[in-house]
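Participant: Put chains B, C and D on the given structure of chain A with help from the hints.
Residue numbers (the working numbering), protein chains in the order written: chain A, 1 to 372; chain B, 1 to 372; chain C, 1 to 372; chain D, 1 to 372.
Hints should not be assumed to be uniformly reliable.
[What the hints assert, rightly or not] The list that follows gives simulated cross-link-like pairs (lysine to aspartate or glutamate, DMTMM-like), each with its CA atoms no further than 25 Å apart: (1) 310/B with 265/A; (2) 262/A with 190/B; (3) 262/B with 190/A.
These are calculated hints, taken from the structure and not from any lab test.
4 protein chains.
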Amino acid sequence: MKNNFGTNISMTIFGESHGPCIGITLDGLPSGFKINLERIKEDMEKRKAKGSISTQRHEDDEVEIISGFFNGYTTGTSLTILIQNKNTQSKDYSDIQYRLRPGHADFSAYEKYHGFQDYRGGGHFSGRLTAPIVAAGSICRQILETKNILIGSHIEQLYALHDAPFSNHIDELKKQIQTLNKKEFATLDEQVAQNMEQAILEAKNEQDSIGGILESAIINLPAGIGEPFFDSIESILAHLLFSIPAVKGVSFGAGFQMASKKGSEANDAFIMNDIIQTKTNNNGGINGGISNGMPIIIHTCIKPTPSIYKTQETVDYKTKESQTLNIKGRHDPCILHRARIVVDSMIAFGILDLLMSSNANNILEKEIQHES
Amino acid sequence: MKNNFGTNISMTIFGESHGPCIGITLDGLPSGFKINLERIKEDMEKRKAKGSISTQRHEDDEVEIISGFFNGYTTGTSLTILIQNKNTQSKDYSDIQYRLRPGHADFSAYEKYHGFQDYRGGGHFSGRLTAPIVAAGSICRQILETKNILIGSHIEQLYALHDAPFSNHIDELKKQIQTLNKKEFATLDEQVAQNMEQAILEAKNEQDSIGGILESAIINLPAGIGEPFFDSIESILAHLLFSIPAVKGVSFGAGFQMASKKGSEANDAFIMNDIIQTKTNNNGGINGGISNGMPIIIHTCIKPTPSIYKTQETVDYKTKESQTLNIKGRHDPCILHRARIVVDSMIAFGILDLLMSSNANNILEKEIQHES
Amino acid sequence: MKNNFGTNISMTIFGESHGPCIGITLDGLPSGFKINLERIKEDMEKRKAKGSISTQRHEDDEVEIISGFFNGYTTGTSLTILIQNKNTQSKDYSDIQYRLRPGHADFSAYEKYHGFQDYRGGGHFSGRLTAPIVAAGSICRQILETKNILIGSHIEQLYALHDAPFSNHIDELKKQIQTLNKKEFATLDEQVAQNMEQAILEAKNEQDSIGGILESAIINLPAGIGEPFFDSIESILAHLLFSIPAVKGVSFGAGFQMASKKGSEANDAFIMNDIIQTKTNNNGGINGGISNGMPIIIHTCIKPTPSIYKTQETVDYKTKESQTLNIKGRHDPCILHRARIVVDSMIAFGILDLLMSSNANNILEKEIQHES
Amino acid sequence: MKNNFGTNISMTIFGESHGPCIGITLDGLPSGFKINLERIKEDMEKRKAKGSISTQRHEDDEVEIISGFFNGYTTGTSLTILIQNKNTQSKDYSDIQYRLRPGHADFSAYEKYHGFQDYRGGGHFSGRLTAPIVAAGSICRQILETKNILIGSHIEQLYALHDAPFSNHIDELKKQIQTLNKKEFATLDEQVAQNMEQAILEAKNEQDSIGGILESAIINLPAGIGEPFFDSIESILAHLLFSIPAVKGVSFGAGFQMASKKGSEANDAFIMNDIIQTKTNNNGGINGGISNGMPIIIHTCIKPTPSIYKTQETVDYKTKESQTLNIKGRHDPCILHRARIVVDSMIAFGILDLLMSSNANNILEKEIQHES
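With the rest of the complex left out, here is chain A:
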């Protein structure tokens, strides 16, 4: 469904970049969960544009919960979050209304909506729509954390620069995730972070932009979550991640490197620690669409921001004439560092929904133990 996703919990998103506000409705949350509002703020901070490496459109992104929340707890009814759009400069867009911005949805939106779309600042296509997703994702993560399930992401690659890898040791990985979740520019290696920020500034100086890859880990997800086919962990998470504007690739575990491995290398041998685990984790914690108890590893490729100041070739949608385009306005030379928490949020939502489906299915737990 267009702006709605999920089975046991669902989210519905709405709003445009330059409309009065944007928002999200989370439906199906359990009642009686104490939401940590401070934590939502912290997560919102991670998405905020700050300093010279991000756009100069600064929004305070104050989160207002207008339903489903009473006396500090979820009520169990649909929970709607609103975020006002305050710092909009719509006139930046009127003069390029028909000049199609390369890499953006301008042309495909014209074809789909016949010119009725809100073209200002990308309208409904804007990355701004991800702000309420972060607020909703924060609630989902808080719920998952009561089950010890942690999610964290780092910038695995930014243009030519690579971060240190996630640890193979679960205790060390847990610490890495906890550290990442306190950072605003999420790398495992501090020095790499500085180099990456420098690379973003260079791209900005060149009136250009850059992208990269985020690597995410989920730990302590019990084995047995997910389904063989359309509710496979991969299917659900990929569906959500590809809904984030600018994502062009998603892979799990060794991902596309699986193509260059033999079966004997790719297969993760089972070993006995206290519990059954795998020696390697090429499958990224997922076999047959279902968790195997190892960390879930996800790679999300985000293209360079399409809004660049360099002169670009384009066409005017109305006159059908070739044009050159100089984008004005305020834009991000890179969105990778801000997209990180959006990726975390989408993952949190998907995992919570899969957990709830699994819970639904345990309806006969006691009876089954009798039978078998």
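Facilitator: Frame of chain A, contents of chains B, C and D only:
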């Protein structure tokens, strides 16, 4: 939903590798479509195990349509396809029932289903379940072809070997797709095909397996299909592709290479031919989740078959003791060439559903032209 | 899904009676539809509490569209409507927080939400939640009217009083619907209206309440809309109508009177006018779940308002002690006249969704005419 | 979705009256449930045409489970049931192919499917499609019974005859349900049963048909199941019940009689027994869409069978000429007694799905007890 997917058309899959039969229900098809049964057979042939490069389990995979089909035409009601399982050797599995096969879903299935799963031949997790998907996909492709929408895939990479690329010229690409759709081992370069088949035999001789990457193209999909968020072309197709067993990565257009590009390289400049097009196609025909009229380009990474004859380390699920495992039975040293038509089928289903959603939305076409 | 319904268009509702606001998101609307805001206001007026026959809680119910609407037209993205709650007197509820109001959801809500529900004014269960449904329904009706599809309802029965019936002649019925759609107290017979208002005042004076039955008609719905099973017109409309608080019965055509008819009386003979029609309309315009071109006739039974001022027996949920209860606050002695437009709105939404599904399915219209 | 319904469990139905077979796929069942196949047979017997009061088309309706079932237990994957059509006499239909049968879906099907529908024996519209629903419903009921949740129905009214009412005492009601579940002609009063069978024979002798009302009860459903809006118990059950061919009305508790009650009569006072209960049950065990622990009471009105032997007026769809019609073939003079188990089955499916949704939502049960 677990074994069901789709909005305007949906598919529901059922069956196990060693059960009496496997099948699929396609719901929501238009009535009055004349199904070309010969074409279904041809598509089924592409998935069949043949020769020494595939498993020796040979199934005739005869497709039986038991509902929704009358006098050669679709009736418009749910159409169910059955395929019998004939060549099963279930005893191959009983002695390894508890010895978890690395890379397979054995362990995660035990954790999920508490031992009640049909473990024979992978049960419901088996690639065999993709046979009815091919039959259903064939019907979807036939419908798309009445709209001139063509889908084709080739083996872009098989282990260390790479095929020639898709052409950038639409007419040439069309010919390539038409040629691919007649081939059983789908490469653009004939010599590469021979080398790839050789590489599969080598892997087989080593008692090992290999995987690779499929590249798919959709042509003549009108601009304006898809949605900004959860029904983005990327979200829907990735959801479907990740439901195919062994898929570990999906990307669109330049995919993960987007991470190493600058915005000025990645952006596809708009140019005026007879219609508005883009100069390059790094975005794989999709902007903001919506088609832009250029070919849709998809990459699907398939891991090496987990069933290998080499001795592997594992654990016995019941005794929790470490074990070695020698898989017997009949297995594919590579499934890439057979998976090709499954990928085509999933794509066809997804695109047809998105087209129907777009059709649904055109309810006011005439009225809107009045208004604006 | 809990607070979400629909296939091609969907609605998601949120809010509580005494929260800051209530609202709805309509997703899947076509782009480029010019919304008549004045018409929304008129429809909202029909639901408003007015005069002595309704509650004294007066809300201005100003409708604010915060997304999916640009320059007077729908954009085609999710359209969210907010309505502020202004006239709340929450203290009326605090002293009866645990004293379960008979006929209300207090007890079942405690059992479901474990006490975390917003108990003020019925919270999420309040009839107040139907205000945004009316706004959304008004948009749906406006769209349907471009197709000449009209919907209208009258108070068929209020306690012991019965209105005149709908006409059997389509032209007359059309006039009746048009007249009803201008009325705030919707009866076909003016005198009956006065008697009914009198009956409501009498119930009010007795500190009691009354209910009744609404009869709705849809005209000009083309034959062939709907599905044999789960998307039957009856299934979809009943699902929506039973989501309105206080509805306890839904029937179509002759409804429960079908039980006392013989087949020879109940069957609607086909006759040839300019087009094929039926002589009678016991089936309410629906055969096999699908429209037959005759007016769709629906009956919706609404129970008497559970909030009455008379002393009632109850139990305190906390102390588990028997109690007497005197409900205070402001309440409706009858909601039938206000519920009418809510019923119209639900019907409009359901019919629009079914029409869009039908449109989706016509994807091959031209090709099929070739074939057959 | 057309032939698919459900959230945590779903059913997908397929087949036509005169096709090779009909069937259903139940998806989302828990694994490890031991299915009592004998019980399925018993339930199928209740739907079978027997004796002179039903059609002479006798099908053995042998149920074949072809997936999702292994060694006597559910596997947790999609479970498909097939039932062969054996006793078909398709030639009975060819000569009336275009003569529209009054009360049937012939005309609406022509308009929807443009003549491509399988017209033989009602095709996909046939009551025959309910046979697999009974098999699936039997499995759902077996699962509910492990939770002590029992469902039973009786023929409340058949034409002019009325059965004795359900008891207001839960223990007595339980016995009534258990007795009903052993009967093939389900009345509480034995004498009434004989009179009803007599009335059916009389209608048959008159070449006519009759219908009536089924009353169903669900006991031991815990309080707190269901949702305020679109997943209200009423919405879900009505959706399912209106999907049964020939159902024209559904109501809960006092149903349409609510229209003639005052609030002080209609409200069910809360009283303290060992647990909180209500003194009366006009609301049929449901407040605000959610169970209150009292028996759920449902009324389903089924119209007289449209196939009657009496001469009827109609129109030929092809020639558009007025015609008389004498239906041949084998038909039921009444389907109420056979529909009873179909109603039970739909209810069982809906309640199981709602229970599973409730289970999904209890994900934080322990954590919440900590918090509050």
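Participant: Does residue 310/B pair with residue 265/A here, judged by a C-alpha cut-off of 25 Å?
Facilitator: holds, 11 Å
Participant: If you draw a straight line from the CA of residue 262/B to the CA of residue 190/A, is it 25 Å or shorter?
Facilitator: Answer holds: residue 262/B to residue 190/A is near 24 Å, not above 25 Å.
Participant: Check the hint pairing residue 262/A with residue 190/B against an upper bound of 25 Å on the C-alpha distance.
Facilitator: holds, 24 Å
Hint compliance for this structure: every hint is met.
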